[in-house]
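What follows is the residue order along each chain.
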Amino acid sequence: MRPELKEYNYDWMMGKTLKAAAMVPGGTQKETDLALKYLPYYHGVADAFFNAGDPGIQLLKMLSQYYENILTAREKGKKIVATTFCQTPAIFYAMDVVPVTFEVLTALGGLVWKRGLFDYMDYCCEVGMSETSCSSQRGAMGAYLARLGEEIDFVVCDTPGVCDTNANAFSFAATYLDKPYYQLNYPSTLGDDRSEKYHLDDYKEMIKFLEKNTGKKMDYDRLAALIKIVDQQDELIGELEDMFMLVPVPMPPLFNLAMYAGRFAFCGHEAFTRLLSSMLEWARTQAKQGHSGLKSGKEKLRAYMCYIDHYTVDMNFWHYLDERGIATVGSILSRNFRDISTYAQFLEGSGYGVDVSSPEAMIDTIAQMNARLPMVRSIRGPYDKRNMWLEETLAIAKLCHAQCIIYNGTPGCRNTWGMVKPFSRDLENQGYPVHIMNDDAFDDRVESWDSTRERLDEFFQVRGLL
Amino acid sequence: MTIVAGCDVGSLTSKVVIMKSGRIVGSAIIKSRPKPKESAEVVMQAALDTAGLNMDDIARCTGTGYGREKISFVRDIRSEISCHGKGARWLLPSVRTIIDIGGQDCKAMKVDGDGRVIHFVANDKCASGTGRFLEVMAGVLGISIEELGMFSTGSNAPVTLASTCTVWAQADVIKFINSGVPFADIGAGINGAMAKRVAILANTVKPEGDILMTGGVAKNTGVVNTLEKLLGRKIKKTRKADPQMAGAIGAALFSMEKLKNIPGGGE
Amino acid sequence: MHFFYDAVTRIENHAITRWKQSGKKVVGYTCSYVPPEIFHAAGILPVRLRGIETDGMEIGDAYFGPFICSFPKCLLQQAGKGEFSFLDGVLIIPGCDAMRRLDECWRKAGEDHQGIVPTWFEYFDVPHKSEVHGMNWFVQEIRNLIERIERQFGVSVTGTALRESIREYNRGRRLLKTVETLRAEKNVRVSGTDVFSATIAGTVLPREEYTRQLEKWLEDLSGRDPLEGEKKRLMVIGSIADEIDLFQLIENGTDAVVVAENLCFGVRYEGNEIPVNGDPILSLARHYLETSVCPRMFGKYKQRLALLREKIERAGVEGVILQNIRFCDLHGSENGLFQRDLEAEGIPCLRLEREYGPLKETGRIKLRIDAFLEQIA
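Protein chains in written order, with numbering that gives the first Met the number 0: chain A, 0 to 465; chain B, 0 to 266; chain C, 0 to 376.
To be clear, the hints were calculated from the coordinates, so they are not data collected in a lab. Beta carbons: idealized from backbone N, C-alpha and C, even for Gly. What you were told as hints is all true, and nothing was included just to trick you.
Simulated pairs of lysine-lysine, DSS-like, Cα-Cα distance not exceeding 25 Å: (1) C:230 with B:257; (2) A:113 with A:60; (3) B:36 with C:365; (4) A:5 with B:235; (5) A:15 with A:36; (6) B:228 with A:113; (7) C:301 with A:178; (8) A:5 with B:233; (9) B:109 with C:231; (10) A:203 with C:299; (11) B:233 with B:205; (12) A:207 with C:301; (13) A:60 with A:227; (14) C:365 with B:109; (15) C:299 with A:78; (16) B:34 with C:365; (17) B:235 with B:109; (18) A:36 with A:294; (19) A:227 with A:216; (20) A:36 with A:60; (21) A:196 with A:384; (22) A:294 with A:113; (23) C:365 with B:69; (24) C:310 with C:231; (25) A:211 with C:301; (26) A:178 with C:299; (27) A:18 with A:5.
Quick list of the computed label-pair ranges, beta carbon to beta carbon: (28) A:352 with C:110: 29 to 39 Å; (29) B:208 with C:81: 55 to 65 Å; (30) A:22 with B:92: 55 to 65 Å; (31) C:20 with A:211: 56 to 66 Å; (32) A:95 with C:110: 47 to 57 Å; (33) A:203 with C:1: 52 to 62 Å; (34) A:427 with C:1: 44 to 54 Å.
Some chain B residues close to chain C (C-beta under 7 Å, calculated; not the full set): (35) 65; (36) 78; (37) 80; (38) 81; (39) 116; (40) 121.
Turn these sequences into a full structure, and let the hints steer you where they fit.
Structure, rendered in structure tokens:
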């Protein structure tokens with residue numbers, strides 16, 4: 000890591016950047032234009048957020064508050080947990096623990112800074128991590144390993160068995176920083192009694208771990224209230240996600256990112272409810288008028304991102320979709336599989352229900368909810384088994400009238416690169432043109448954005464899609 | 000006076016240094032031939048010519064580099080890592096950290112006061128982060144490696160390259176050329192990408208004391224300057240000899256040490 | 000020694016061929032977390048699958064993506080080439096992300112290459128934790144596995160048979176422990192290459208035959224002279240490794256001897272015997288899930304570091320080679336931590352990233368090993 004970066008606290012930098020950004024839209028147009036002049040690199044992102052109207056502003060406010068919470072955790076006597084994206088943070092909020100979600104923070108940093116988080120990513124390797132480890136953790140994690148972020152009190156991740164690379168990064172961080180570590184382990188099956196019981200037992204142990212490391216008892220009344228809020232938020236998300244089925248998709252591509260980033264980092268918080276309500280209102284109006292959410296107002300193609308999106312510098316990917324007239328119908332990160340959601344109906348036995356009648360029921364609810372978060376849900380078992388990645392992808396592509404399917408990940412993603420070739424072959428056999436992106440969603444040094452864009456264009460042209 | 004030699008047969012270049020009383024009296028560098036044995040013989044003859052000596056005048060010779068086991072005239076062989084440590088110490092007595100970028104790999108090492116390697120790391124990737132990377136990129140730009148090194152100073156907007164894979168980086172460079180990006184920005188991007196890969200390695204050994212770069216890339220000012228910025232430390236320059244010869248110098252010094260340990264063998 | 004060497008340098012060794020000729024069954028498995036005693040008790044020969052003898056990667060690369068460890072790719076390559084045609088069954092284990100995807104890739108390759116997927120092609124879901132519920136899951140997994148074996152092969156795996164198998168495997172464990180004592184001697188008389196061959200042989204030979212050969216070899220060893228010359232004592236740890244030539248590269252023509260290793264193919268916890276009294280399934284579960292800790296179990300770094308320290312002290316290790324196969328982040332990253340902690344204690348370490356399979360990059364690896372040995376001097 001270049002020495003000058005070590006002079007700045009990473010959380011502080013990000014926090015201040017987002018705080019300033021969140022304040023900009025409150026001013027006059029002239030003030031906004033002036034502020035944008037001083038944001039040479041952040042311009043594309045700021046533009047995307049500001050132009051998204053109230054939802055964009057709410058998103059900025061929410062992200063700003065997320066950082067504010069991290070920065071003020073110590074003075075408020077709260078503990079900080081390093082955790083992963085496929086984990087509902089409500090259980091931490093119920094114990095007054097502030098989550099630092101590495102992947103969300105890496106994506107944010109990558110979007111905001113011109114040179115991305117390269118230095119922080121490399122720092123992880125400088126202190127011993129393998130260079131091939133997933134960039135989604137390595138980004139923000141590098142700052143914490145360099146002790147340039149708030150001090151982490153303990154580490155919890157729920158990926159062992161699904162994404163060992165992810166679990167390994169968290170285990171590395173815990174060892175390197177000498178902090179307690181708890182792993183939630185996921186078996187290869189989902190929805191059967193045996194694995195549900197395993198999840199429940201595992202979550203009970205996690206609560207013991209949290210109680211030990213915070214010195215507090217789990218407040219079940221608070222947990223119940225939070226679960227209810229999360230469930231209401233999931234309902235709003237569900238309604239938004241249903242709009243992916245409309246032709247054209249009434250939402251801009253940014254909404255999907257806003258939905259899942261909020262879901263991973265801030266669910267259970269009022270700010271997220273405000274964001275969702277704002278997006279929903281916006282989308283409903285658009286839908287009523289039959290408008291596309293794309294800037295041009297013209298939807299030329301519908302693509303399903305069967306894995307993750309692309310997060311490098313300045314929201315290049317989102318701008319690209321907008322320019323080309325491509326509506327995405329979400330990614331694997333989008334859906335949460337509440338049993339009443341439309342798509343869950345198409346995959347029998349894939350959803351979960353909510354029950355807050357007793358502590359045991361609540362823990363089970365959280366366990367089942369988390370078991371269905373992205374990646375740990377459908378990539379846990381062999382991709383061609385019941386309700387796993389292939390069936391889920393096909394069901395969603397069909398429901399949302401996708402015309403093609405695109406895979407994007409990181410080279411660190413062993414669990415998908417391990418089978419994405421036969422997986423995509425199966426999708427092609429079902430009639431979907433499939434493009435496998437070879438880049439790193441968080442690191443342009445693996446494949447430059449220019450090449451990525453060119454390969455996408457080539458795919459759309461060769462397959463006669465655009 | 001005993002005359003010793005060191006022969007470093009690398010993947011891109013082969014070098015020989017002839018020393019007498021701790022001073023270089025002859026040296027040569029050539030582009031490596033397909034067969035290491037042939038490279039060694041040609042470069043040795045060239046070095047002997049510069050010193051006005053014959054093979055018989057050389058009391059002992061140590062071989063190093065990739066082709067070290069194939070050299071016919073050497074008595075001893077040492078790894079190039081040890082040789083670069085030793086050679087760097089001779090070039091700059093205060094050196095404690097050495098970054099050696101060779102044709103096909105890159106190493107960072109720390110040495111003690113005698114030039115003995117106490118810790119090293121070597122890249123285990125493909126050609127990215129090596130001399131070959133720069134050679135390929137210079138080729139795409141249609142310029143010499145030396146010219147490539149001059150870029151960086153004239154650029155305010157270096158391009159971001161796919162730096163983890165030489166093949167992809169090459170494709171990127173071609174694309175930048177076609178879309179009219181100034182050569183200075185592409186060149187600076189190439190040097191920067193190279194420096195970043197080397198910086199990871201250098202930071203892994205936690206640099207201490209004076210840093211010296213050895214190997215051919217030490218002559219690329221673009222890479223060196225960027226690396227200094229990334230490490231936040233000055234990289235020392237040496238005029239005593241060409242830093243690309245460090246491995247061969249170290250090998251010659253090892254020959255000398257061997258002779259000293261043989262009764263009546265050295266000075 | 001030749002016996003072991005021959006047995007481990009070919010995928011289908013003579014003993015496997017003879018076993019098949021006698022009409023008995025063979026099942027392949029992919030990870031050290033499988034109790035082979037279960038197959039032994041069923042009269043089936045368990046063979047740990049290895050990716051040696053590959054001479055191309057066109058099948059491995061056709062199904063696995065580019066950023067995947069070469070070990071499962073080599074296994075798939077050999078499967079696709081029909082090199083595992085002697086198998087009556089395969090057990091896939093989620094040892095790590097790449098290894099668990101061998102399940103889909105092998106089955107999918109079977110759509111293009113006829114007859115490479117045995118009828119009995121099963122998944123053994125080993126958990127990543129050994130705490131109470133993890134252990135319960137594993138015990139149930141073993142019971143399910145036994146049922147599936149019984150159903151498919153028409154055999155009965157009784158408690159008595161399991162106990163007898165544990166006893167037989169314990170004999171080998173005791174003998175290997177004696178080998179470890181010999182390696183710790185000041186003037187070591189056995190090369191790491193030989194010991195490595197002998198331990199790997201245990202995973203591919205009929206157990207009774209293995210025990211017999213091990214006894215014979217030990218007898219021969221006890222009368223042997225120490226190895227010639229002053230030797231630097233090394234330990235090899237890290238990713239899966241079963242390539243004899245890797246050890247030969249370290250030892251042949253150098254002044255090094257490998258006196259210890261911590262690899263899932265070597266003598267990891269072979270010294271620990273499994274209790275024969277009590278429920279044999281519980282005993283097996285405890286042994287395999289609790290005592291053989293691999294970084295896949297996450298959060299057990301301190302336990303693993305303590306084991307390395309113990310081995311370093313016992314065998315007088317002077318330098319540690321920490322190797323990892325490219326894209327093996329579990330060992331690759333752990334090696335970084337080991338290096339930090341062992342070097343702080345004055346133990347020289349060499350981190351080495353490599354590809355699995357026939358050693359094609361010997362020059363590069365040799366250069367590092369030579370420099371490392373010079374550093375230890």
